[in-house]
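Protein chains in written order, with the numbering used here: chain L, 2 to 397; chain F, 74 to 424; chain G, 265 to 764.
Don't take every hint at face value.
Here are the computed lysine to aspartate or glutamate pairs in the EDC-like style, where the Cα-Cα straight-line distance is at most 16 Å [unchecked claim]:
(1) Lys680/G / Glu705/G
(2) Lys453/G / Asp475/G
(3) Lys292/F / Glu636/G
(4) Lys689/G / Glu719/G
(5) Lys286/F / Glu636/G
(6) Lys680/G / Asp589/G
(7) Lys386/G / Glu401/G
(8) Lys650/G / Asp90/F
(9) Lys624/G / Glu639/G
Cβ-to-Cβ under 8 Å is the rule here; a few derived chain F residues that face chain G [said to hold, decoys possible]:
(10) Leu89
(11) Ala288
(12) Phe294
(13) Ile301
Covered by chain G, per the in silico footprint, the following chain L stretches (three or more residues, Cβ under 8 Å) [to be verified]:
(14) 242-250
(15) 254-264
Simulated from the structure, these hints should not be mistaken for laboratory data. The C-beta atom is built at its ideal place from N, Cα and C for all residues, glycine as well.
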Amino acid sequence: MAGRAIKTRRLIVAPPPLTPSLKGEGDSEALTPPSPLWGGVRGWGYVIAEADPASGQRRMRNVLNYRELGLALVLIVGVGVIGAYQPVFLEWRNIGDILTETSVLFMMALAQMVVILTRGIDLSVAANLALSGMLAALVSQYYPDTPLVLMILTAILSGLVLGMINGALIAFLGIPPIVMTLGTLAVYRGLIIIIAKGDQVNASEMGVTFQAFPKMALLGLTTPVWIAILVSILFWVFLNLTRAGRGLYAVGGNPVAARYCGIDQSRQELLAYSISGAVAGLCGYLWVARYGVAYSEIANGYELTVIAACVIGGVSIGGGVGTVAGTLLGALFLGIVMTALPVLQITPFWQMAISGAVILAAVVINARAEKRPDKLILPEARRLGRDTRMLRRARA
Amino acid sequence: MNAPISPPPETRYTVLDAPRRGIRDVLMRWEVILVILLAATTVVNTMVSPYFLDVFNLADATFNFSEKAIIALAMALLILVRQIDLSVAAIVALAAMGIGYAAEAGFGPGALFAVGIGIGLACGVFNGLLVTGAGLPAIVVTIGTMSLFRGLTQVVLGDQAKTKYPQEFLDLGQSYFIKMKETGISWLFVPPVPLSFLIFLVLAVLFGIVLHKTATGRKLFAIGSNPIAARFSGIPVDRLTFLLFMVSGILSGLAAALLTARLGSMRSNIAIGWELDIVTMVILGGVSIAGGVGSILGVVLAVFVLGLVTFGMSLNNIPGQVVSVYIGALLIAVIAIPRIVDRLGLRKPAG
Amino acid sequence: MSEPILTLTGVSKTFPGVRALQNVSLALRPGSVTALIGENGAGKSTIVKILTGIYTPTEGEIRVAGEPKSFASPRDAWAAGIAAIHQETVMFDELSVAENIFMGHMPVGAGRLVDWSEMRAKAAALLKRIDAEIPPEFKLKRLSVAQKHLVEIARALSHEAQVVIMDEPTAALSANEIDDLFRIVAQLKAEGRAVVFISHKFDEIFRIADDFVCLRDGDKVGEGPLSDVTEPQLVRMMVGRPVDQVFPKRDVPIGGVALSVRDLSNATEFADVSFDLRKGEILGLYGLVGAGRTEAMQGLFGITPLTRGSVTLEGKPLSIRSPADAIHAGISYVPEDRQEQGAVLSLGIRENVTLANLVKHVRGLFLSRPSEQDETRRLGRRLAVKAANWEQRLGELSGGNQQKVVIAKWLATRPKVIILDEPTKGIDIGSKAAVHDFIGELAGDGLAVILISSELPEVMGLADRILVMKEGRVVDEFQRGKWSAEAIVGAATGARKEAA
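Chain L extracted, bound-state conformation (with noise of 0.2 Å):
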């Protein structure tokens, strides 16, 4: 039933829409009658008027899709709307602190999206966060006169390691993510406690060097936000601009296609959680270093936060859906939540119920823009395009 399509007797090919609406790509329909406008008829259908493909319209659809554009302008309101109240909030301090706050979700985030784009999902990534961050404080503890690369260093390859062990498994023994990643999850958490005999390590017991290192700032920037930036422009060109990015998104869209494409699904699986766990262990110093310690709850319960802010961003749970900058503003807009609860005096506790409240609307939303367009096999439907609710209306 999925794949069949209406049957005319010319293959109709629809102009692009020339207005952007909110409700996403899917909106043009494959069988809008053709206008003058774009051509006539030849061999295999409707011959498109060459569009220009660096007109304006286009190039701003190549950044943002229109649910990005409506997330973007709900923030930009919003930030607005808080502005007026406290304008304190629009000082570029606060600012500054806003991403601050927010760079490690920006990155978890990302990373999630992708282990999410194959048909996955990563519990783990806040316990790996939380052991990695570990494993680099016991590293400046006991090993004072490490360079600060080789402590960052160790977090990114723990981090790794532990995301390649899920990775691993799922990928060459086909356990079902949630289950690997829900049991690594408690693994890692528990192993905290092993590698640190249970203890803590406090901002005393760390280097100087490892701590101040977050709190360095360039151009009123600090060191994590630079951080983010650079791993959003890796991430962008990575999924972007290489084979193997853009084979995450073919598995993700569909696995049997994509072997038939000479994909291998397996390894793309392994890439996915690898770079979940990489990108977890910097998180996990950035963090420890950041709050000046280190124990077992770090982090808990974060890894929901991490999916939310990809379920904002527009990331489809199904796979194959998802862009970076959807995913960055939807990490965005739950940390605009968290800084400014606190500008607007309101208390910290209605965080968590707002960011409930704001998954829940982004499902809906999502929901309507995936959902499967009417078959359109009468005439007069036909005529209508997509918008067949007036039909509907007029028939009942």
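Here the structure of chain L is known, so what remains is to put chains F and G in place on it, guided by the hints.
Chains F and G in isolation, oriented as in the chain L frame:
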């Protein structure tokens, strides 16, 4: 698709009522693996600690998992039909808060249980409406309602605790519902049973019968195996799914009442992280996350395995999070080992 | 004759316990179209999968232009110049047309980064070559099935494939789209490529192919130029026995009106569908794929909501809001998509047979296994289901036997009206004959039968009356004895009206 090498012509048209079962089929059943695990856990614990096989100690151990186990029964059915409810622990928190306020207002134990169950039901209806009414993926919806329900608890309660409960209510949660009775013969006695464990056992029997012996149970298996074909067969897929979310809410509310009565106090972080423990119970119990496969017996056995492991380790003063290493590893191992066996070609691949 | 571009010599493929292909040899010549024919399960798909590197043969040799090759992955097959257009479009709905064409071998520039502008330009050029001006940046989900096929062809060309395999490419296309496809096949042939064409439709095979290779149960049972054989000879080769009468029409007394449908409509799929159906009558519902037949019948069965219309069964007006209502009233619908909508593959035969009518097997509160077993045995034997035991999982049965179990499920509801949607699609000829025979038997038992089929001979062979649908509406009606294939097809395509 493919022609068998040599179809034995004489058996080709005789269709047996049931397959001939080999010893291997019986041994590879999930429940058998769990029974072996359970036996191993008991043996190891008995060897390590002399206090393990004490009746009162075992009865007390059930306190720690019965509330989760009750919710696990509903979760098992949800996962069986390809859904999941990650908001259960948050429902427990919200319901426990309601119970806390109701207790302050002077309600009796019966009313407090009713308040808990009522709030649970309302939350379940909300989840059910979003999933079946609006057709949204359950995992995302319940991550959202998890935040929402616990968030509401935090908004109302802040950093306060609710600690005032009627004594009869606390007794229900803290003392044995069935008292120890000796008969004079050392091995024959009525063991002490806490209320929560008793409720779990009764519900487990009830769920087992519904799932494995009734038409409704068969319909759930059909939905989990192929929801579209189930719908075409006249099965009210959405209505049953909705019902399961309601059941999940009700049992979470019930668990909230039992938990509050046992603890005698509640904060907004009550039962935090339970959803993952409960999902672990269900998956270890052999319910397939892909839907359509599972048994209540398996879930009950998994509950016991996890309960006894936790109890045995706590007897040896092993901290909870280290126990979770073992449980997490166990979960991965029981899923991974059969697949590794398949990979090594020791068993014929299914299908 | 030119040298073969690709040869298979003594190729076998064995799966644990199953022999899918046995010692098959074939040769493809440039500039020729070779039809690969055989029943389902004869080994055609296995050959396609071996040629495209999805399977590796257990034995045998593949030579491309004389060079021995072994394909470890689809990539190796492409590199050797072999590409396939698969039966169901296996593509990426959420990605652009250009990406769909180049997935797996995207052009890369500096730093091994994907060169999007080159990819789009190349995609546009490829599409232009087959006269399909689909913008390369469109997301695939915006295209029709036929356009997706074109993208697949462009993908095959992007590999500079010397051998193009088409696995039932016409299954979902309308007559005009098939004409266009054949023009492209002719073009590929003229360019000196070898085409492997797989189809169940003999008229297409005789129209487009030069040679044939016939498979049966994994063995090659015949090959040669098509000009040397006739259709009955090919059928005999495929089946291994002569097919006497494929559609035996039974003489059944037709009773009073059972089902009366008036003005069945929904918003976008079908409108004003009205007909009467009598007891013992087989009503054929013919039309092109996508004419709204399935949709109208699913509306009648309560799957899709109606905006208008009334249904009367044996004089009683019905209000059908869900399949349960329809089943309760005595209407059964055997869906077209067996795997998705009909069979519950992971449940056993018994559980499938009783699924739509569980109420009947409830004793007290519980399901009665003996009662279920009786029903399963009775219906299973009546439909001659072949299985090891009645508890066997449906997924382990052949397509034909799965279909028999699905039909058994619907008979278990004791229907008065049974709607069969493409009941013989994708099942082997042996099972097909059994299903045809059984449809006649049902009518003989006094059931009213609606038969949706895209195979004209099937409808004409079985039906007492044929309704033709086009674009969501019933456009014509034909009585047995007063119809001709041309008239029916004309009504379905609208050709007749244009001529008039």
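Between the alpha carbons of Lys453/G and Asp475/G, is the straight-line distance 16 Å or under? 13 Å, holds
Given the hinted pair Lys680/G and Glu705/G, is their Cα-Cα distance within 16 Å? It holds: about 14 Å lies between the C-alpha atoms, which stays within 16 Å.
Can Phe294/F be said to touch chain G, with a Cβ gap under 8 Å? With a closest approach of 7 Å, the Phe294/F hint holds.
Next item in the hint list is Leu89/F. Is there a CB on chain G closer than 8 Å to its CB? 4 Å, holds
Is the shortest C-beta separation between Ile301/F and chain G less than 8 Å? This hint holds: Ile301/F lies near chain G, its Cβ roughly 5 Å from the closest one there, short of 8 Å.
Pairwise hint evaluation, Glu719/G against Lys689/G, where the allowed Cα distance is 16 Å at most: 9 Å, holds
Could you grab the alpha-carbon distance between Lys680/G and Asp589/G and see if it respects the 16 Å cut-off? With a Cα-Cα distance of about 14 Å, the restraint between Lys680/G and Asp589/G holds, given a limit of 16 Å.
Do the alpha carbons of Lys650/G and Asp90/F lie within 16 Å of each other, as the hint requires? Distance of about 13 Å is within 16 Å: holds.
Checking one constraint from the list: CA of Lys386/G to CA of Glu401/G, max 16 Å. Satisfied? Given that 16 Å is the threshold and the Cα spacing comes to 12 Å, the pair holds.
Decide if the proposed pair is consistent with the structure: Lys286/F and Glu636/G, CA atoms, cutoff 16 Å inclusive. Measuring from Cα to Cα gives roughly 13 Å; hence the hint holds.
If you look at each residue in the stretch 242-250 of chain L, do at least three have a Cβ nearer than 8 Å to any Cβ of chain G? Satisfied; 6 residues make the cut.
Please count how many residues of the stretch 254-264 of chain L have a CB within 8 Å of a CB from chain G and say whether that reaches 3. holds (count 10)
Hint violations for this structure: none, all hints satisfied.
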